[in-house]
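> One letter stands for each residue in the lines below.
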Amino acid sequence: MAQGRSYALFLGCNAPVRTLHYDVATRAVLERLGVHVVDLDGFACCGYPLEAADHLTAVIMAARNIALAEAQGLDVLAICSACSGTLLRARHALLHDERLRTEVNAHLRKEHLEFRGTAEVEHLLRFLHEDIGTERLRSLVTRPLTGWRVAVHYGCHYLKPSEVVGGGDDPEVPHTVDELVALTGATSVPYAERQLCCGGGVLGYREADSHALIAKKLDSVVAAGADALEVHCAFCAVMYDGNQKAAERAAGKAWNVPVLVYPQLLGLAMGIDPDDLGFKHNRVRAKELLARLEGVSAAR
Amino acid sequence: MTEAPIGDFPLVTDAETDPGFAARIRATPGGEGILRCYACGTCSASCPIRAIDEEFNPRRIIRLALLGLKDEVLRSQFIWLCTGCFICQERCPQDVRITDLMMALRNIATLEGYPHPTLQSIAEMLEAHGAVLETGDFENEKRAKAGLPPRRPPAKPVRDIIEGTGLDAKLRAAKAKTTEGQPAGGKGGEP
Chain A
1 MAQGRSYALF LGCNAPVRTL HYDVATRAVL ERLGVHVVDL DGFACCGYPL
51 EAADHLTAVI MAARNIALAE AQGLDVLAIC SACSGTLLRA RHALLHDERL
101 RTEVNAHLRK EHLEFRGTAE VEHLLRFLHE DIGTERLRSL VTRPLTGWRV
151 AVHYGCHYLK PSEVVGGGDD PEVPHTVDEL VALTGATSVP YAERQLCCGG
201 GVLGYREADS HALIAKKLDS VVAAGADALE VHCAFCAVMY DGNQKAAERA
251 AGKAWNVPVL VYPQLLGLAM GIDPDDLGFK HNRVRAKELL ARLEGVSAAR
Chain B
301 MTEAPIGDFP LVTDAETDPG FAARIRATPG GEGILRCYAC GTCSASCPIR
351 AIDEEFNPRR IIRLALLGLK DEVLRSQFIW LCTGCFICQE RCPQDVRITD
401 LMMALRNIAT LEGYPHPTLQ SIAEMLEAHG AVLETGDFEN EKRAKAGLPP
451 RRPPAKPVRD IIEGTGLDAK LRAAKAKTTE GQPAGGKGGE P
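Residue numbers (the numbering used here), protein chains in the order written: chain A, 1 to 300; chain B, 301 to 491.
Honestly, I wouldn't trust all of these hints.
What the hints assert, rightly or not - One side only, chain B facing chain A, incomplete, derived with CB under 8 Å:
id	residue
1	Pro329
2	Gly333
3	Leu335
4	Ala339
5	Asp353
6	Gln389
7	Ala423
8	Pro457
No wet-lab data here; the hints were simulated from the structure.
Model, not experiment: these values are computed from the prediction.
Backbone N, C-alpha and C define an ideal beta-carbon position, used for all residues, glycine too.
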């Protein structure tokens, strides 16, 4: 664990509004782990949505967020993979391109900010896997989720481009999230469309395509007999949970697959009350799954 | 223009091509690797969008661009269908960096006056709220009930950035052109 480091929690645009459960569960788990996180008022959009319009604009937006954390001596902990991917790719470009860094810093000067590259940027699950470590997490499990069959959705930007964001994962055969799920006592079930993208990137451009990708994924999850789909990206959560009903209407079928963010699984296994893990904010209710938990009487 | 087409494939004539288009792409961030493409099709075979929507075919888009069919590429809807998953970029044996290349094509389309309308909506949201979703009183009340601290992303610094790079002016000019009846970009769903 990065000794003595403090983290600025980077929520992005979706989590604070559309996936409150991810926000709630992340804080609950980090608190239990004794990890102190700070909310920075200045954080804005990571820049990802404008990559399609202008590369430089997107990089400046990313650099601005990182520079805000640097000014406070904080590292950045992002819970959305689109955000962590964008921040990490921008950071990588800025560290390897002095001309770009000069140009970006000229824009940041208006706010008296400077990107220096002193802050680390990490995705929550890489932090849990690599900094906290699976051994320590396993030692904190008091209520193993034995018998839970969970389909892991790695998502794209947690893994790729692998040379910038991938950590120790093989982008084609990743393992870190399977290990994180296994330590909760749940079983990570194999399924055909494990690597499939959620379609979040095409949502604003051709909604029907995004629905088709949701359908392909959830058909595969159901065929594998999974009880739930695990995600660790706010945008993936919006797609599979928030938009599941819309995709069901488009496909003319019903999946009714609960979509849990990883800290919800970990929090349950650590014995945290489901009420403190934001379960009432999941759009597809996980009522039947929660009823299996020992010591939790009220089914939600 | 008098040549007969071969099979179903129309001939490309010099008049329709811009011989400098590939060089322009190569000079745009993300487009540096385009000349390395040898059309193996690993991208199209790996692409999740290609599998469900035949309008999107990365190999074909790269060929069109290399042929210099600038208008056909920049005014198309298909350049906006990449979902940005990076699987083609990861697998490309020629390191074309295709996901970055698709973004470069969109950047050029935006500069040339053909931004997708969704980009206009996204930029407007960002300039007004500092985020693509509004976090107002209603949202913060909901957050408070969930025991979460309020969120108020600052709009001004984001507006300054979008104006400072000239993106705001480009998007406004394209929008003005569209309202005059000239079509820009493709059409899509909600952002």
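> Checking against the hints above, which ones are violated?
2, 3, 4
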